[in-house]
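**Q** Protein sequence lines correspond, in order, to chains A and B. Mapping of the first sequence onto the working numbering: position 18 corresponds to residue 18, and the numbering continues sequentially without gaps. Mapping of the second sequence onto the working numbering: position 29 corresponds to residue 29, and the numbering continues sequentially without gaps.
Hints are computed from structural coordinates only; laboratory data are not their basis. Careful: at least some of the hints might be erroneous.
Partial chain B-side listing against chain A, Cβ under 10 Å, derived [to be verified]: (1) 32; (2) 62; (3) 64; (4) 131; (5) 139; (6) 156; (7) 170; (8) 173; (9) 211; (10) 292; (11) 296; (12) 327; (13) 331.
Label-pair ranges, simulated between beta-carbon atoms [said to hold, decoys possible]: (14) B:61 to A:27: 14 to 20 Å; (15) A:77 to B:303: 35 to 41 Å; (16) A:107 to B:376: 28 to 34 Å.
If you want the ones that stay clear, here's a sample from chain A, every Cβ over 12 Å from chain B, calculated [what the hints assert, rightly or not]: (17) 21; (18) 48; (19) 50; (20) 57; (21) 87; (22) 107; (23) 111; (24) 119; (25) 131; (26) 149; (27) 156.
We put the CB at the ideal spot given by N, CA and C, even for glycine.
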Amino acid sequence: MKVEGPAVCLGADIDTDLVIAGRYLRTKDRSVWATHVFEDLDPALAPRLSGAIVIAGKNFGCGSSREQAAIALREAGVRCVIAPSFARIFFRNAINTGLPVMECACPCTEGERVAADPASGTIEVGGRVYLARPLSPRMLEILSAGGLVEYWRRKQ
Amino acid sequence: MTTLSERILGAPEGSYVDCQVDRAYVHDGTGVLALEAWNAMQARMLARNDRCYVLFDHIVPANNSVTAGLQAELRRFAREQGLPFTDVGEGVCHQVMGEGIALPGEVVVGADSHTCTLGAFGAFATGVGATDMAAIWADGGTWFRVPESIGVFLSGSLAGPAEAKDLALTYVSRLSMDGATYKALEFVGDGVSSLSMDSRMTLSNLAVETGAKAGLFYADKETCAYLREFGHSAGLQVPGECRYERTLDIDMADVVPVVAVPPRVDTVRPVEDVAGIPLDQVFLGTCTNGRYADLERFARVVRGKKVRVRTLVAPASRRVLSRAAGTGVLSWLVAAGCTILPPGCGPCLGAHQGVLGEGEVCLSTANRNFRNRMGVGGEIYLASPATAAASALSGAIAVPGVQG
Numbered sequence: 001m002k003v004e005g006p007a008v009c010l011g012a013d014i015d016t017d018l019v020i021a022g023r024y025l026r027t028k029d030r031s032v033w034a035t036h037v038f039e040d041l042d043p044a045l046a047p048r049l050s051g052a053i054v055i056a057g058k059n060f061g062c063g064s065s066r067e068q069a070a071i072a073l074r075e076a077g078v079r080c081v082i083a084p085s086f087a088r089i090f091f092r093n094a095i096n097t098g099l100p101v102m103e104c105a106c107p108c109t110e111g112e113r114v115a116a117d118p119a120s121g122t123i124e125v126g127g128r129v130y131l132a133r134p135l136s137p138r139m140l141e142i143l144s145a146g147g148l149v150e151y152w153r154r155k156q
Numbered sequence: 001m002t003t004l005s006e007r008i009l010g011a012p013e014g015s016y017v018d019c020q021v022d023r024a025y026v027h028d029g030t031g032v033l034a035l036e037a038w039n040a041m042q043a044r045m046l047a048r049n050d051r052c053y054v055l056f057d058h059i060v061p062a063n064n065s066v067t068a069g070l071q072a073e074l075r076r077f078a079r080e081q082g083l084p085f086t087d088v089g090e091g092v093c094h095q096v097m098g099e100g101i102a103l104p105g106e107v108v109v110g111a112d113s114h115t116c117t118l119g120a121f122g123a124f125a126t127g128v129g130a131t132d133m134a135a136i137w138a139d140g141g142t143w144f145r146v147p148e149s150i151g152v153f154l155s156g157s158l159a160g161p162a163e164a165k166d167l168a169l170t171y172v173s174r175l176s177m178d179g180a181t182y183k184a185l186e187f188v189g190d191g192v193s194s195l196s197m198d199s200r201m202t203l204s205n206l207a208v209e210t211g212a213k214a215g216l217f218y219a220d221k222e223t224c225a226y227l228r229e230f231g232h233s234a235g236l237q238v239p240g241e242c243r244y245e246r247t248l249d250i251d252m253a254d255v256v257p258v259v260a261v262p263p264r265v266d267t268v269r270p271v272e273d274v275a276g277i278p279l280d281q282v283f284l285g286t287c288t289n290g291r292y293a294d295l296e297r298f299a300r301v302v303r304g305k306k307v308r309v310r311t312l313v314a315p316a317s318r319r320v321l322s323r324a325a326g327t328g329v330l331s332w333l334v335a336a337g338c339t340i341l342p343p344g345c346g347p348c349l350g351a352h353q354g355v356l357g358e359g360e361v362c363l364s365t366a367n368r369n370f371r372n373r374m375g376v377g378g379e380i381y382l383a384s385p386a387t388a389a390a391s392a393l394s395g396a397i398a399v400p401g402v403q404g
């Protein structure tokens, strides 16, 4: 489950309206969400997300329960989101849609190399090592199945 | 003794539990994604189809053919599976669930962040995403981490033009936007008994704006009397000594009319500090403040006068609308120049029925003022219905109660 990529550094309290705006929600075409992800925060961000690791400030994903926020990040190619804290619905949605999330305060510089392992909780940012709050065994199982749909099907 | 969350979830804080869900609901927004996840799961039957509600409220009636197509699919699913269903015009999901469906002691899960509204009834009510909901449809239950609780001790009673919304914004500003992340709020203290169920729903509704998982009141005489009108005889939930991770004391007599200034719900100022800011739109409604008492308070202020800014009113449910029609409140609003929208979420989420243009300013009774939420480049001030009414008459943000 280890992931690597350049850091995209964001601020605190980024709400899910900013991740994907309400005006783009009503579609089944997931590429729409990937195209418009973070548009109201910074329209230049979306193309830089492919293969990236997002390192954000506290309370990432607050606000609306829209699962499209987690899906948009994953579809845009984000490999992991790291933040000191997450809003709980976004946190669950990310796990359920197979987007790794890790709770950890990691100072970062834009573009720095990040290596993260959700299973062990270790995060390396530009050579500095941090330890994230561990995910529960069930969350790890869901994540390693690729999301709740696949996890549920395997259990049947 | 235990907190109400521990009592309902049946385990001590910090532990993980699997539990049955007593009521589960989606709306036309999240239901579409839940249905996609359900189809991908290839599940055949809902575990408890009589307990899984589909309640249309977000973009009703549909704003374009794509939305209409998605809604038709969800409507068909609800019919085929025999799910309790409310269509266009019946109201906001949380309000519909609060009209005699959600009951004290129940575990209520909605695919919407403001599901915490139903904590007003002494239910453990919390929001989840769409895929979680699909799994709940299939399994009839889900897992939770039992939250730590923050005790919000309310004393005294609201005075003057201050309302439950002012109290709600006050506690949000004191806790901040992430002050209760992963926790439950419990509203307790001598002051609670003075709060109507409508007021309690407003207070529980804003719990998620502090990051909280739930915002609970213990069912008391008021709760039981309210539910009796819907034919339920609910038992009392008596608070006992319990350990709160943190407490917050608010003397309600100290609460003054406030607004949350854009773009944060926790940046709260007395209305008088921002009075005079010109408005392009006033919006009365939503799961926060679209109930009958809200419409009535607003209508009493604007009755016999004319609003000076476009003013949109979305009753929270058909029941609210119908009562307002019966008592004359609706005709006062219409005569004052307000535009009545169908029961539902209205423009709160920026999808239709009052989207803001670049540079426009709206004073809204809703719960979120995030950047661009109601339209790109638009700004949102959050306030009570009384402040909204005074402001609608003035055309600019105005202090309630002093409007001529």
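**Q** None of the hints should be skipped; say for each whether it holds.
**A** Hints and how they fare:
1. 32: holds (8 Å)
2. 62: holds (9 Å)
3. 64: Interface hint status for residue 64 of chain B: holds (8 Å vs cutoff 10 Å).
4. 131: With a closest approach of 4 Å, the residue 131 of chain B hint holds.
5. 139: holds (8 Å)
6. 156: Result: violated, 31 Å to nearest chain A Cβ.
7. 170: Interface hint status for residue 170 of chain B: violated (19 Å vs cutoff 10 Å).
8. 173: This interface hint is violated because 14 Å lies over the 10 Å limit.
9. 211: holds (6 Å)
10. 292: This interface hint is violated because 26 Å lies over the 10 Å limit.
11. 296: violated (29 Å)
12. 327: violated (33 Å)
13. 331: Residue 331 of chain B check fails; min Cβ-Cβ to chain A is 32 Å, beyond 10 Å.
14. B:61 to A:27: 14 to 20 Å: holds (18 Å)
15. A:77 to B:303: 35 to 41 Å: Because 56 Å falls outside the window, the suggested range is violated.
16. A:107 to B:376: 28 to 34 Å: holds (32 Å)
17. 21: Violated, since 6 Å does not exceed 12 Å.
18. 48: holds (20 Å)
19. 50: holds (23 Å)
20. 57: Violated, since 10 Å does not exceed 12 Å.
21. 87: Not fine: 6 Å to the nearest Cβ puts residue 87 of chain A too close to chain B.
22. 107: holds (19 Å)
23. 111: The claim holds: residue 111 of chain A sits with its nearest Cβ about 26 Å from chain B, beyond 12 Å.
24. 119: holds (18 Å)
25. 131: Residue 131 of chain A is indeed farther than 12 Å from all Cβ atoms of chain B, at 19 Å.
26. 149: Its Cβ does come within 12 Å of chain B, the nearest being 5 Å, so this is violated.
27. 156: It is violated; residue 156 of chain A is separated from chain B by about 8 Å at its closest Cβ, not greater than 12 Å.
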